[in-house]
Amino acid sequence: MPILQPILPKILSVRRIPGASEALLRAYGADPSRHRSLGLITVDQDDPTYVALDEATKHAQVDVVYARSFYAGSRHTSGPLSGEILGVIAAADPDEIDEGLKALIACLEQDACFYTASDDGQIAVFPHVISSLGHYLSALSGLPVGSAMAYLVAPPMEASIGIDAALKAADVRAMKIFPPPTETNFAAAWLGGELDACEAAAMAFASTVIDVGRSPRER
Amino acid sequence: MSIPLSRTRDLVAALQAELGARDPMPPVGPIPEIQLPPDRIFPTPQRRSNFAERSAAHTTALVGIGQVGTRYYSDVVLQFQAELAVAHGAVATELPSDWAEKKGYLSLQSRVTGHREFLLRPDLGRRLNAESVALLREKAKKNVDVQPILADGLSAVACMGAGPDLMRLFVEACERRGWSVGTPVCAKFSRVWLEDEIGEITGAKVAVILLGERPGLGTGDGLSAYLVYGPKVGNTDSNRNMMSNIHARGTPPAEAAQRLAVLTGAMLEQKTSGVPLDLSPLVAELGEIARGGYRAPQQRVRLVELP
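Protein chains in written order, with our numbering: chain V, 1 to 219; chain C, 220 to 526.
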C-alpha cells in the first residue's frame, strides 16, 4: 500500500430527533430555550468528524452541543454503530438539522480524512487544514471565525516529533496541543496562522510523521 | 450537496508525489522462512486391486502398474526406459551384408540402399533390386511348393537371433510333409511384401517370409511370419496369414515352425490364403489360436533391478 492514501471515514449512523425531550436536551448540553431538534451521528474516525461538525455550523443555524471521542478508538468499540465518536448538533427546528447534517456528511465523504503514513498502512496521520473556521472550532481554539487552522493528529511519538517540525516549518502559533493519551490514544495540535503557513506546517507534519515511522530509532 | 472543500487532499497528493519521487520503492520486507517439504508426501498404497493383478498376468503391456500420487513408481519408469532402449537398439541395428552368405542363404537385397532410407521408404523395401532379381532367376529352384525367405524387417537382432533356427525347423517340417522347398534366401532391408516378388520369380505356390517384427517395449527379438498363396506383385495384406511374437517368451520357434507348416498345408490344400482361408478344420492342430481371442499368461522380463 502506498503512503498518503486517504483512509475514508465510515459513517455508521445518522439519526434526528425533531422534538427532543427537555431532559435529553439538557443532558447533551443544549439550551431548551433555543434548541428543540437534535441531529446525531456516529463515525469511525473522530477528528474528521470534529472538522465536519464545524463545517455544519457554516452552512446552517446549528450549534455543536456535544462531541466526544470514545475510549481507545473504533477498534475497541461498544457496538457496531458506535465507532469512535458521537456528535450532536442542535437547532431550533428540524430543517436546520437537515441542512447541517448534509454539510457534515459531505465534508466527511469528500474532504476530511486520515491518510496512511507507512507502507503497511499501520500508521495514520491527519494533517488537515481548515481554510475558514466555523463557530464551533473557533470557540474551542480561540481563533476568530473565518480564520485558517491546521488540525494535526498522529500517534504519540509521530505526533510529538511532527508538531515540533510543523511549528518550526512556518509562521504558525500553537493554539492547543493535546499530548497523549487522548481518548483514542492519539496526540494532536491546533495551529493558527495565515492559510499558506497552516498548509506548509501541515505538510511538514505529515512528512515528519512518515519519516518517524520509517526510522523509529535515531540513526 | 456541494460544500467548499479544503485544499488538504490536493496538498497531500502533492506531498505524496514529492515523497514518491524521492523514494520510489517501498523498503523490502523480511523474507519469510521457507519450510522444507515433508520427507514423503504420498503414502505407498499397501494393497493392489484384484482386477489389476489378474489382468497384468495376461499381458506385458503396462497395466496394473500402480501409482504414487499422480505419477508412476520409479521402478516402473526405469523399466519403461530400459525397455524403450531395447526397442530403439533393435530398430537401429543393421544386418551385416555378409551375414546371409556366411549362413548359407542366397543373399538378396531390396531397392533400399541405406538404413535411413529403409526406415523412411517402405515402398522401396517391397521390391528387389536388379542384381537380386538376376541372382534369383539364375540360382534359385523354380516352381516349388514352398519358398522360405528369411529377412531383417524392422529388427535385424531378431533375424540374426532366432531366424536361422526357425528357418531350419520350418524347412524340415515342410520336407517331412513331402513338399518341394525352394532355395532358402535371406533379404536385407526387406518389408513383408517382398515375399510376393521373390515367390513370383521362383514360381512358388506358397511364399513364407520370416522377418524381425517392429520392436515393442522390451521385445526387440520377436519374429513374425507372413504366408501368402500364389505370391505375385500386387497382393495385399488380405491375401496373407501371419503369426507374430515368435520368440522365447511368446511362441517358441519349434512350436511356431509346426504351426506355420500346418498353415502352409491348409493353403496348398485350399489353394488360397488370407481372408478366404478357412482355419476351422485346423483347431486340432493349431489349438485355441485358430479360434482367436485367448492369450496365455505372459511374464514381463525385468531389465532393471532396484536395490
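Among the clues, some could well be false.
What the hints assert, rightly or not - If you want a taste of the chain C side facing chain V, the calculated C-beta under 10 Å gives, among others:
no. : residue
1   : R228
2   : L230
3   : L238
4   : G239
5   : G248
6   : P249
7   : I250
8   : I253
9   : Q254
10  : E504
11  : L505
Unchecked claim - Dumping the calculated SDA-like pairs for lysine to any residue here, alpha-carbon to alpha-carbon at most 25 Å:
no. : chain 1 : residue 1 : chain 2 : residue 2
12  : V       : K176      : C       : L224
13  : V       : K168      : C       : A304
14  : V       : K102      : V       : A72
15  : V       : K58       : C       : D229
16  : C       : K361      : C       : H334
17  : V       : K102      : C       : D229
18  : V       : K10       : C       : R396
19  : V       : K10       : C       : G449
20  : V       : K58       : C       : K361
21  : V       : K58       : C       : R396
22  : V       : K58       : C       : E252
Bear in mind the hints are in silico, worked out from the structure with no lab data behind them.
Since we're looking at a predicted model, the values are computed, not measured.
Idealized CB from N, CA, C, for every residue including glycine.
Structure-based check of each hint:
no., hint, in the structure
1, R228, "7 Å, holds"
2, L230, "6 Å, holds"
3, L238, "7 Å, holds"
4, G239, "7 Å, holds"
5, G248, "8 Å, holds"
6, P249, "12 Å, violated"
7, I250, "16 Å, violated"
8, I253, "21 Å, violated"
9, Q254, "23 Å, violated"
10, E504, "88 Å, violated"
11, L505, "83 Å, violated"
12, V/K176 <-> C/L224, "24 Å, holds"
13, V/K168 <-> C/A304, "83 Å, violated"
14, V/K102 <-> V/A72, "28 Å, violated"
15, V/K58 <-> C/D229, "22 Å, holds"
16, C/K361 <-> C/H334, "31 Å, violated"
17, V/K102 <-> C/D229, "23 Å, holds"
18, V/K10 <-> C/R396, "106 Å, violated"
19, V/K10 <-> C/G449, "98 Å, violated"
20, V/K58 <-> C/K361, "125 Å, violated"
21, V/K58 <-> C/R396, "126 Å, violated"
22, V/K58 <-> C/E252, "56 Å, violated"
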